[in-house]
Amino acid sequence: MSTRSLSKGCFVFKPSPKKRKVSRTTAYYFREGSSDLEDSELRFATCQSLQKQVKSETEQIEEELNEQLFDNLVSFLRRSHSAFQEKKTEWTCRTKSREIPTAALVLGVNVTDHDFTFRSLSEVLQNNVTPYIALLEAKDCPGIKNLMQKLLGQLMNCCIDVDSSEEEDYEHVSRSRVRCSMTTLINWYESATKRTDSETPGKKRTSSRHWQSPPVVVIFKDMESFTTKVLQDFVVISSQHIGEFPLVLIFGIATSPMIIHSLLPHSVSSLLCIELFQSLSCKDHLSTIIDKILLTTQFPLKLSEKVLQVLINIFLYHDFSVQNFIKGFQLCIVEHFHSNPLSVLCCQLEEAKRRVNSLSHNQCENVRRLPSFRRYVESQVSEKQIALLTVDSSLKEAVQKLLEDLNVYHENYFPILRCLHVFTSSLPKYPLGKQIRELHCACLENRVWETEEYESSLQLARMLNKSDLVTMLQKCVEILVSSPGREFDEIVEKLKEFLTQFQKLEEAYQERDESISPQKELQKKTNLYHLQKTLLELKESRRSKKLTKFEMLRFEVVDYIDSLVRHYLVPADHKTLHEIVYFNTASVLREHLNAAPRIALHTALNNPYSYLKAFSTVVTAAEGPTADAASSDQVDDVIHARFIRAVSELELLGFIKPSKQKTDHVARLTWGGC
Amino acid sequence: MPILEHPAYPPATLLCLESLVPCRESQVSMLLSIFGERQQLSFPSIFIYGHTSSGKTYVMKTLLNTLQLPHVFVNCVECFTSRLLLEEILIQLQNHSSETRRASPVPCDTFNDFVRLFKQALVSQNLQDQTVYVVLDRAEQLREMEANILPAFLRLQELTDRNVTVILLSEIVWEMFRPNTGCFEPFILYFPDYSIGHLQKILSQNHPPEYSADFYSAYINILLGVFYMVCRDLKELQHLAALNFSKYCEPVVRKEAKERDTRKLWKNIEPHLKKAMQTVYLREISSSQWERLQCEEGELGQIKGLSAHAHVELPYYSKFLLIAAYLASYNPVRTDKRFFLKHHGKIKKTNFMKKHEKTSNHLLGPKPFPLDRLLAILYSIVDNRVAPTANIFSQITSLVTLQLLSVVGNNDQLDGPRYKCTVSLDFIRAIARTVNFDIIKYLYDFL
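Sequence order for the protein chains is A and B.
So the first sequence is residues 1313 to 1986, counted in my numbering.
So the second sequence is residues 3 to 449, counted in my numbering.
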């Protein structure tokens, strides 16, 4: 919607009743914009189910990742007040000042992810520990009054949630009349806990999952943004009453726990009993997500190297946000199914085969247009070529076969990639990257065995010592055994053979060691001159000596790994029909995720002519299609005049100003921090 | 020979009071003589000040409770609005005789209402014929409330025309309270700090039942020897004493030393206390963690203090943004050319410097800089080309929310925003090291 006003502000738009009635589904919009209408509904359905799958999978992974942290927190909560309840009478407990148990929860700078963590944290606490949880955000608490209001509101509401039937009289007390003081809170706590104690046996089920006298947990989501005064006052007030109800604070910290000391003076921080909890670093988090989501055959859609690089770069360079990464991946899914008509085949193999049979003629033509398929056709004999290009049924047959090949390729690719990673991740200086994602990108980009980095890693691998080599081989065996690939029996067999050979070598060494030892003793008795001589001889002999058995074997192992890499880690874009399962329009993704408003504004504003052109386009479009002034180079005089007037008006209002540089015309003043 | 003497109260009660307030006898006797007998009018308002934990609150509470004087005790931090404060006083007054609290609070928005309701409450509680004491703890908070609150409390006796005394407790001097418009001057009483002898006496008084007073007193002596230099806060010392006592007793419990073996016990506890000074006292590790360490005999290395986690992991461009902000904050604008232009020619520092720039910029603190300068420096210190995408700008904002940068000045839409970099040199050097950027080479102060 637009206004005629030049100034910035709030405008009321009444919804037009006509538009309201037509509620369009997402499916409609999905169809609407897509260039090709083939199978759009089926594509939409596939896309939706895939999205759902990804969502549930990522949520589960995150839950698992946070489990350890939450367990620690829960046991901290358990500990925090039990000590006082158990030994109230002991001398130390009476003498010691009562501190407020506080958990400093360091979550890292990826603030966008914290919401999710806090949500699941409060869920966990609600289920196992206490119904009394308040989540406070700095923007809601500019003063201590607002903080108390928020706190009381949340706590008393949560009580209503637990057992709504008995709490009705509470709701009658209008919120505004409730005195926002600690005494109110304490009275409420007493009555609330008393009520749950005297509940009917039928209701006890709900209270049994919580502890006896459940603690009141107050979570400060963004510690850094709270003002010093509010925090100080709150801590001081609540420390006055810590003996009367079990309060626990949780500080959500994005930077470092030092912030507590910079926010609170010693007199206040001495009222707290702070324990530190650290969440998993976001980089590890991302690695797990990539490992479990992208490096498996579980999801039919794959990302090409460039796309993956865009997503990873945004993560590493800009925000460290795992949620954003997942959102980016979901965007890839939508974009792929939306823009690629053949994405209808991007599903599990069985389903895909079935769908191939029902492809329309247009879709068959789409297949024929794929560059990878063209290459495939050219490599066939001429009769086959004709059949593939003219007869739909034979094409379908071939597509089924090729899809199967692609599936097998993926089944083999990931385990072998992991095996290669076992080797490369333990080499000094990591020529192929430390993380498996780097290796994955390198393999997707082009033939990895042609790169210099690969060459140098092989060379380094040829210098590995035996124990390392053995453990690596064992790891590889484990990976291959646990993966579903069909062709791995042979490889496993071969690797095991290597292992037994190493074993034998070791035994042989031990025997030889025993025979050598008397010789060594002999050496000890010789004088310095002799020692020097023998050492020189030894050196000579080593230089000219043939490779030992171990070295031979090591070469063999490395060569074997090399052959595996050459066979299985072919880049995906060498595979026929890879366009169906790989999303590779990185430019679209970049456009969506890495917007550059300043560049756009700059180009728009510093060239007055293009500014004028844009203005005239907008104006004529608004006035209707009849005016074709926009198509001709000549700008209508009236529009030109309007433009000049509008610009000077904007200048007068202070939205734009002429820049001092000659080439620039105007620079927007209101850029601010955009 | 008892120090406290007053004809109005029985000597036994006074003796009991005396034992409860060690080292504060002179202040208490002063207060007693001001209070006079129950029915006598007392001074309208008394202002008591003294350092943290010099016993102001404790003495007042014990005095009023032991002598069973009718009183109201309110903490002004807790009652953060005047309404809460006034209502709290009234509620306490109404519940004076009956133990059970009635939950129906009387709405009281203005001081006028308060005076009216206060009088009613006095009548209903039968308190007309004796002095009622209203104690306002942390009275400095009253200055934040409406302007009439403090002067009105000071002359509450006059306004209500009843026998009431208001006692203000504060850590700051009366001169900081006096409003511009003038007010009734209260009687001012100073509570001096406890001396080391006082501390020793007070702390030794509360010894654990299992051990003799002498044994505990020796322990307190050692404790004060270590901590008196850094901490004179009685509460804190008491807390530390309770925390570390079990460690002190260890040799005795294990029968390796006798209670009289002071030297052996000292050798055992002294390094432990020194460690406590660096950790628990500074809240580097919490007291519960400290206790657990004592129990498990674990090494201190297992639990790292809070400051050991000073490292902050940032996205790649955020690091450079922070470095650029630091450079912009600590380098004079004119030197940007020298640092970031390729062919800047030779500019020597001596003739390049203006007089006032001779002092180190690091001593003067960060200076504000506009957004455009930050971006210009960013582009020149990052090796590859950086597109000014929305992500970069949102990173600046998130650095502000993380308190690594701070916005300076009002949020004027017409002027570009100005920032300051708030991180320390050590922090930025650690950040710069992770991206292989030699920040010292770019800082004007270290040229």
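Note that these hints are calculated values from the structure, not bench results.
Source: prediction; values computed, not measured.
Note that the Cβ used here is the ideal one computed from N, Cα and C, for glycine as well.
Hints should not be assumed to be uniformly reliable.
To be verified - Examples of chain B residues toward chain A, derived with CB under 10 Å:
#1 PRO12
#2 ALA14
#3 ILE93
#4 GLN96
#5 HIS241
#6 ARG285
To be verified - Simulated pairs of lysine to aspartate or glutamate, EDC-like, Cα-Cα distance not exceeding 20 Å:
#7 LYS1408(A) to GLU315(B)
#8 LYS1595(A) to GLU39(B)
#9 LYS237(B) to GLU1375(A)
#10 LYS276(B) to GLU315(B)
#11 LYS1364(A) to GLU1375(A)
#12 LYS321(B) to GLU286(B)
#13 LYS1408(A) to GLU39(B)
To be verified - Restraint-style ranges between C-beta atoms, simulated for each label pair:
#14 SER1579(A) to MET32(B): 24 to 32 Å
#15 TRP1403(A) to PRO194(B): 41 to 49 Å
#16 PRO1683(A) to ARG387(B): 55 to 63 Å
- Looking at the structure, which of the earlier hints fail to hold? Violated: hints 1, 2, 4, 7, 8, 9, 10, 12, 13, 15 and 16.
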